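Number of protein chains: 2
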Amino acid sequence: MKICYEPIGVMHCGIKKPADAPRFYSISEVKGTIEVFAPFLEGLDALAEYERIVVLFHFHLSKGYSLKQKSPSGRVKGVFSLCSPMRPNAIGMSILKLVAVDPPFLSVDNVDLVDGTPILDIKPYKPIDHQ
Amino acid sequence: MKICYEPIGVMHCGIKKPADAPRFYSISEVKGTIEVFAPFLEGLDALAEYERIVVLFHFHLSKGYSLKQKSPSGRVKGVFSLCSPMRPNAIGMSILKLVAVDPPFLSVDNVDLVDGTPILDIKPYKPIDHQ
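Those protein sequences? They're chains A and B, same order as listed. Take any residue in the first sequence, note its place counting from 1, add 1, and you have its number in the numbering used here. Take any residue in the second sequence, note its place counting from 1, add 1, and you have its number in the numbering used here.
Just so you know, these hints were derived from the structure itself, not from any lab. Since this is a predicted model, take the numbers as computed values, not measurements.
Derived coverage of chain B by chain A (criterion: at least 3 residues anywhere in the stretch with Cβ under 8 Å from a Cβ of chain A; other residues may be distant):
1) 6 to 20
2) 46 to 53
3) 81 to 87
4) 117 to 124
Cross-link-like lysine to any residue pairs, in silico, SDA-like; alpha carbons within 25 Å at most:
5) Lys64(A) <-> Asn90(B)
6) Lys127(B) <-> Leu68(A)
7) Lys78(A) <-> His61(A)
8) Lys127(B) <-> Ala91(A)
9) Lys127(B) <-> Ile96(A)
10) Lys3(A) <-> Pro119(B)
11) Lys3(A) <-> Phe38(B)
12) Lys71(B) <-> Ala39(A)
13) Lys127(B) <-> Ser72(A)
14) Lys127(A) <-> Pro128(B)
15) Lys3(A) <-> Lys3(B)
16) Lys127(A) <-> Leu68(B)
Built from N, CA and C at the ideal position, the CB exists for glycine as well.
Okay, chain A solo, but in the shape it has when bound (with noise of 0.2 Å):
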């Protein structure tokens, strides 16, 4: 069974290769701009309310996986405990800070993604604890 999708958007920032990505959106400080495609544009009324955004995205420089990788502890474990861009199924999660909304640009804080990034989806952020 195949499922397929097609990019809504593309990241732009100045990460250029997976090695200058920061470990974790958590940790990162790297401003960037997704920009989002033509006809999916009116998909963004309201979401300048929010503070974060959960961007899905596909990562495209990824090659093949193995199921059980180091941590960067160094600890070997299996691919669904880690965050590693080398997945059975190569998609990619990032809870983003959302500082403007300006179409077709976002303009994002935290950001890990390498430039060209294929974004798949965004949807709003909400907490666990506050629903």
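Fit chain B to the known structure of chain A by using the hints.
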């Protein structure tokens, strides 16, 4: 540009149709089981150390989308400001409580996925403020 994935597992639970699903995982008290498919079982190593997991899945019953939709409060908003399953790319994200790991099964709580939902990825959940 098409990006294609294949399910790594499937959701089993008592929610048999979308109308029966709680509006959001954080308010759900539904328990369920994620079955991880055989080729990916090694990837579960060390997952039991996490209290919550990020589950990415395909809204398999969703047909089409609108860029503006009614929110649960009745207000019309852009799809990227909503958690609606009718999205340009029908990917869902839920943060579920991980009760037990007994491969190939993960017992989970806070389920808001319909029975039979294809699972695309599992990641450890790390609260933003506790990195």
